[in-house]
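**Student:** With the hints as your guide, set chain B onto chain A.
Heads up: the sequence lines are chains A and B, in that order. For the first sequence, this note's numbering assigns the number 1 to the initial residue and increments by one for each residue that follows. For the second sequence, this note's numbering assigns the number 1 to the initial residue and increments by one for each residue that follows.
Be a bit skeptical, because a hint or two may be false.
If several chains are the same, the list does not tell them apart, and a pair holds so long as it fits within one copy or across any two.
Stated by the list, open to error - The calculated DMTMM-like cross-link candidates involving lysine to aspartate or glutamate, where the alpha carbons are at most 25 Å apart (straight line), are:
id : residue 1 : residue 2
1  : 54        : 330
2  : 7         : 313
3  : 263       : 27
4  : 47        : 62
5  : 490       : 138
6  : 454       : 467
7  : 14        : 288
8  : 367       : 417
9  : 106       : 83
10 : 297       : 53
11 : 320       : 385
12 : 337       : 51
13 : 297       : 51
14 : 345       : 138
15 : 54        : 451
16 : 134       : 182
17 : 22        : 233
18 : 54        : 333
19 : 454       : 157
20 : 47        : 333
21 : 87        : 102
22 : 55        : 333
23 : 266       : 186
Treat the hints as calculated values from the structure; they're not laboratory data.
There are 2 protein chains.
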Amino acid sequence: MARSLTKRAQDYSKWYNELVVKADLAENSSVRGCMVIKPYGYSIWEKMQAELDKKFKQTGHENAYFPLFVPKSLFEAEEKNAEGFAKECAVVTHYRLQTDPEKAGKLQVDPNSRLEEELIVRPTSEAVIWHTYKKWIESYRDLPIKINQWANVVRWEMRTRLFLRTAEFLWQEGHTAHATRDEALEETKQMINVYARFVEDFMAIPVIKGTKTAGETFAGAVTTYCIEALMQDGKALQAGTSHFLGQNFADAFDVKFTTKEGKLEKVWATSWGVSTRLMGALIMTHSDDNGLVLPPKLAPHQVVIVPIYRSDEQQEEVVKKAKSIKEQLESADIRVKLDDRDTHKPGWKFAQYELKGVPLRIAIGPKDLENDTVELARRDTLSKEFVGQKELVKVVVDKLEDIQKTLFQKAGQYRDEHITEVDNFEQFKEVLEQKGGFLSAHWDGTQATEDKIKELTKATIRLIPIDENAKPGECVLTGKPSKQRVLFAKAY
Amino acid sequence: MARSLTKRAQDYSKWYNELVVKADLAENSSVRGCMVIKPYGYSIWEKMQAELDKKFKQTGHENAYFPLFVPKSLFEAEEKNAEGFAKECAVVTHYRLQTDPEKAGKLQVDPNSRLEEELIVRPTSEAVIWHTYKKWIESYRDLPIKINQWANVVRWEMRTRLFLRTAEFLWQEGHTAHATRDEALEETKQMINVYARFVEDFMAIPVIKGTKTAGETFAGAVTTYCIEALMQDGKALQAGTSHFLGQNFADAFDVKFTTKEGKLEKVWATSWGVSTRLMGALIMTHSDDNGLVLPPKLAPHQVVIVPIYRSDEQQEEVVKKAKSIKEQLESADIRVKLDDRDTHKPGWKFAQYELKGVPLRIAIGPKDLENDTVELARRDTLSKEFVGQKELVKVVVDKLEDIQKTLFQKAGQYRDEHITEVDNFEQFKEVLEQKGGFLSAHWDGTQATEDKIKELTKATIRLIPIDENAKPGECVLTGKPSKQRVLFAKAY
Numbered sequence: 001m002a003r004s005l006t007k008r009a010q011d012y013s014k015w016y017n018e019l020v021v022k023a024d025l026a027e028n029s030s031v032r033g034c035m036v037i038k039p040y041g042y043s044i045w046e047k048m049q050a051e052l053d054k055k056f057k058q059t060g061h062e063n064a065y066f067p068l069f070v071p072k073s074l075f076e077a078e079e080k081n082a083e084g085f086a087k088e089c090a091v092v093t094h095y096r097l098q099t100d101p102e103k104a105g106k107l108q109v110d111p112n113s114r115l116e117e118e119l120i121v122r123p124t125s126e127a128v129i130w131h132t133y134k135k136w137i138e139s140y141r142d143l144p145i146k147i148n149q150w151a152n153v154v155r156w157e158m159r160t161r162l163f164l165r166t167a168e169f170l171w172q173e174g175h176t177a178h179a180t181r182d183e184a185l186e187e188t189k190q191m192i193n194v195y196a197r198f199v200e201d202f203m204a205i206p207v208i209k210g211t212k213t214a215g216e217t218f219a220g221a222v223t224t225y226c227i228e229a230l231m232q233d234g235k236a237l238q239a240g241t242s243h244f245l246g247q248n249f250a251d252a253f254d255v256k257f258t259t260k261e262g263k264l265e266k267v268w269a270t271s272w273g274v275s276t277r278l279m280g281a282l283i284m285t286h287s288d289d290n291g292l293v294l295p296p297k298l299a300p301h302q303v304v305i306v307p308i309y310r311s312d313e314q315q316e317e318v319v320k321k322a323k324s325i326k327e328q329l330e331s332a333d334i335r336v337k338l339d340d341r342d343t344h345k346p347g348w349k350f351a352q353y354e355l356k357g358v359p360l361r362i363a364i365g366p367k368d369l370e371n372d373t374v375e376l377a378r379r380d381t382l383s384k385e386f387v388g389q390k391e392l393v394k395v396v397v398d399k400l401e402d403i404q405k406t407l408f409q410k411a412g413q414y415r416d417e418h419i420t421e422v423d424n425f426e427q428f429k430e431v432l433e434q435k436g437g438f439l440s441a442h443w444d445g446t447q448a449t450e451d452k453i454k455e456l457t458k459a460t461i462r463l464i465p466i467d468e469n470a471k472p473g474e475c476v477l478t479g480k481p482s483k484q485r486v487l488f489a490k491a492y
Numbered sequence: 001m002a003r004s005l006t007k008r009a010q011d012y013s014k015w016y017n018e019l020v021v022k023a024d025l026a027e028n029s030s031v032r033g034c035m036v037i038k039p040y041g042y043s044i045w046e047k048m049q050a051e052l053d054k055k056f057k058q059t060g061h062e063n064a065y066f067p068l069f070v071p072k073s074l075f076e077a078e079e080k081n082a083e084g085f086a087k088e089c090a091v092v093t094h095y096r097l098q099t100d101p102e103k104a105g106k107l108q109v110d111p112n113s114r115l116e117e118e119l120i121v122r123p124t125s126e127a128v129i130w131h132t133y134k135k136w137i138e139s140y141r142d143l144p145i146k147i148n149q150w151a152n153v154v155r156w157e158m159r160t161r162l163f164l165r166t167a168e169f170l171w172q173e174g175h176t177a178h179a180t181r182d183e184a185l186e187e188t189k190q191m192i193n194v195y196a197r198f199v200e201d202f203m204a205i206p207v208i209k210g211t212k213t214a215g216e217t218f219a220g221a222v223t224t225y226c227i228e229a230l231m232q233d234g235k236a237l238q239a240g241t242s243h244f245l246g247q248n249f250a251d252a253f254d255v256k257f258t259t260k261e262g263k264l265e266k267v268w269a270t271s272w273g274v275s276t277r278l279m280g281a282l283i284m285t286h287s288d289d290n291g292l293v294l295p296p297k298l299a300p301h302q303v304v305i306v307p308i309y310r311s312d313e314q315q316e317e318v319v320k321k322a323k324s325i326k327e328q329l330e331s332a333d334i335r336v337k338l339d340d341r342d343t344h345k346p347g348w349k350f351a352q353y354e355l356k357g358v359p360l361r362i363a364i365g366p367k368d369l370e371n372d373t374v375e376l377a378r379r380d381t382l383s384k385e386f387v388g389q390k391e392l393v394k395v396v397v398d399k400l401e402d403i404q405k406t407l408f409q410k411a412g413q414y415r416d417e418h419i420t421e422v423d424n425f426e427q428f429k430e431v432l433e434q435k436g437g438f439l440s441a442h443w444d445g446t447q448a449t450e451d452k453i454k455e456l457t458k459a460t461i462r463l464i465p466i467d468e469n470a471k472p473g474e475c476v477l478t479g480k481p482s483k484q485r486v487l488f489a490k491a492y
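Bound-form chain A, shown alone:
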């Protein structure tokens, strides 16, 4: 199984597609561009959800739920937002099926069930939510509103890839309403920081924070803050965004409030989201040619125990010990799987759990019973050692911590080595092709230059770093004045 995985150096993209399916994370469904998230993949997503949800609540947000459908007239109210999503909208036009008079047992859309107004399956929920907020907001006492929603959204992308770009995906979307510009901006920044801490501390993926250029800003936003991560193939991946929406949605939906002083003012807005796309970032940051590598904090099983035996008698004793080890580890809050199936051989199991990225593997056999030891193998380094059963819990706890840290450091080192300052366009192209990663380059600030560079190299501006000490220079393409270096990369 694991043996048939394409090597990364051979074809990174193929390696990714194979790994997602073989490690039981997700697969394509019968609906174009929609995926089935399998239990193993979903349990990783659940861990992410739980941690994010905790962080949202700690920062004063509440969950709620808004409709899946957006009436066309609401959808088009904020023009830029509508324009940005119009080309990839699933549209509900009818509400009934009937038996097909010409084909027995088949159904057809009932032509008499056409909706008066078409419904858009939400690609994002600003429109439906701001239409609702209008009803909720009258005075300053009703502000701020800080709501998050866990939901599915649909964007009819033409080229889809499991987790990275799917027609339907799962995400959370935060939507907040504030009395002042400053408070909304603070919220926008707070949430990009929440995302950055989550992705770094929990997923062990180092990120760079910054803002998007006008061309890459969310449709309907004033400023988009983002975190960008670097994948092993030198391409960047946008891992989360937080948008300062200004008063655009207050304008579109006429949302005003009375201040303490009795004045009528427009409400300020933010929105922010991360999605199942993070699963793609997770896979492409840590995994290797043997399969998935999972940071312990979100591994469904942090330790797998594989008993090894020849005879039935050995089996009984070894499995008994394995169970007792499982209990010990579990009492230290470690997530443990004991695979004592006798339908599969140890070698098959080793390969299987390597493929699935379980951080630590404990193998225990008759010799270990004699010596009071187990064999402990690390997934990230593939190193093995014998550990005394007495020290085991402590060793496992330490190793899990160390794996979490090591993965982050390793990814950080790779990322740092792949930020290259370039000062002319020849160098830009050369580094992009031969080394990849982020190119730190000066840019004249115009959309035209951004577009031209994209056309020539496929690299886009991933972000404008937030840097107090940024120094001016000359644009890498046009030589015109530049306020600061920005980060270019090819991107997912």
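**Tutor:** For chain B alone, kept in the frame of chain A given last:
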């Protein structure tokens, strides 16, 4: 606010609709039949989800996620299931909008984006899931599959009511695949028992277990097990169902497995679900003319503390004590809200938290500081007493337990008093109109009689009780032989 709530005796239905909105649980959205679940309502749903999810995992189920859309050709594969839902399906026919050439700033559906095959927004996921299971199941080693999904579904109901019947609703749907009939039947029964325990122990709603008649069985199922609860107005509400699907979906999607002995056999199936409809049951079982009454186990706030003061000096001291009481209670794992806003008066707050069903209210004022007491009020009985601050944590813990128990007992007593044995049709009609509740009556087992009684009285057979000692008799309408009494009621 609370004062303007319609009385139950006056108009139960109006009382319900008002309460859902005024207690901040949910409201209608701009999309016909779709609701907005507001943060307070959603936090109750989250508590239900967490508890159910734990129970599902304890019984060996894993979560996964399947697509929102079902291609028409898959949808129609299981004919009865398709027929059952065909008349209430939202159908996606196009995947793109474009600017309307005739109206500036408006969008229209791009006629060139018509889908080759229409997509049904899932009303339930058997079709899409069994199409997937076919790929997953080859041998007995792949069985059982025990998967649950938390999702939104859409059924285009003509008459909708918040929580009780909405076009889009949230639910969980379990879908399991088994090697044998017995195992699938066991699973079906296990899950109806899981639901019953959850609804009784956690929501304090007594239920009756049974099976549905053929006419009320889930479209595509062999047997539907259900739990039915009784609302305060004497109408029944179906609170959860668990379906034994036999081999119907294995037939429709050609899902077979190789047995240990090498034979090819068809897979057995179950599905089971509960939805946000349970919120309706919760509201209508416990609440009163002052507003919501929540069982402590799922109350977002189990205790609210309202400080009472006249002067600034008093405010400081009282709020300080209130905060310390909050901390003490929280350290005993009690969910506490301290409402120390000075924009609202205590009386307003009292009414507000009554309306929102907070189980216990603590009021604390200057006199209480002198006497080391607080005033403790129970939401369910509206009784008040002074409690010494030293005993407070213990008293609160005990009262919360008592409220949970009392609510269940009270609802159970009402339910028991509203199960009436009737032995002729005159009595049937009389009891139904004058007393309501469940009518325990003999039925001849035919669809025709069931339909006739429904036509004459609007009562349906809610369930066939599971009763080992059931005695035969004569049908209440036709006088024909009956195997056992069944429960009739008007229903939501």
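**Student:** Give a verdict on every hint.
**Tutor:** Evaluated hints:
{"no.": "1", "hint": "54 x 330", "verdict": "both (23 Å within a copy, 17 Å between copies)"}
{"no.": "2", "hint": "7 x 313", "verdict": "neither (41 Å within a copy, 72 Å between copies)"}
{"no.": "3", "hint": "263 x 27", "verdict": "neither (55 Å within a copy, 28 Å between copies)"}
{"no.": "4", "hint": "47 x 62", "verdict": "both (19 Å within a copy, 13 Å between copies)"}
{"no.": "5", "hint": "490 x 138", "verdict": "neither (46 Å within a copy, 42 Å between copies)"}
{"no.": "6", "hint": "454 x 467", "verdict": "within (24 Å within a copy, 73 Å between copies)"}
{"no.": "7", "hint": "14 x 288", "verdict": "within (13 Å within a copy, 61 Å between copies)"}
{"no.": "8", "hint": "367 x 417", "verdict": "neither (45 Å within a copy, 68 Å between copies)"}
{"no.": "9", "hint": "106 x 83", "verdict": "between (37 Å within a copy, 10 Å between copies)"}
{"no.": "10", "hint": "297 x 53", "verdict": "both (15 Å within a copy, 21 Å between copies)"}
{"no.": "11", "hint": "320 x 385", "verdict": "within (22 Å within a copy, 56 Å between copies)"}
{"no.": "12", "hint": "337 x 51", "verdict": "both (22 Å within a copy, 23 Å between copies)"}
{"no.": "13", "hint": "297 x 51", "verdict": "both (10 Å within a copy, 23 Å between copies)"}
{"no.": "14", "hint": "345 x 138", "verdict": "between (67 Å within a copy, 20 Å between copies)"}
{"no.": "15", "hint": "54 x 451", "verdict": "neither (40 Å within a copy, 51 Å between copies)"}
{"no.": "16", "hint": "134 x 182", "verdict": "within (21 Å within a copy, 55 Å between copies)"}
{"no.": "17", "hint": "22 x 233", "verdict": "within (20 Å within a copy, 54 Å between copies)"}
{"no.": "18", "hint": "54 x 333", "verdict": "both (19 Å within a copy, 17 Å between copies)"}
{"no.": "19", "hint": "454 x 157", "verdict": "within (20 Å within a copy, 49 Å between copies)"}
{"no.": "20", "hint": "47 x 333", "verdict": "both (15 Å within a copy, 23 Å between copies)"}
{"no.": "21", "hint": "87 x 102", "verdict": "between (34 Å within a copy, 18 Å between copies)"}
{"no.": "22", "hint": "55 x 333", "verdict": "both (21 Å within a copy, 19 Å between copies)"}
{"no.": "23", "hint": "266 x 186", "verdict": "within (17 Å within a copy, 59 Å between copies)"}
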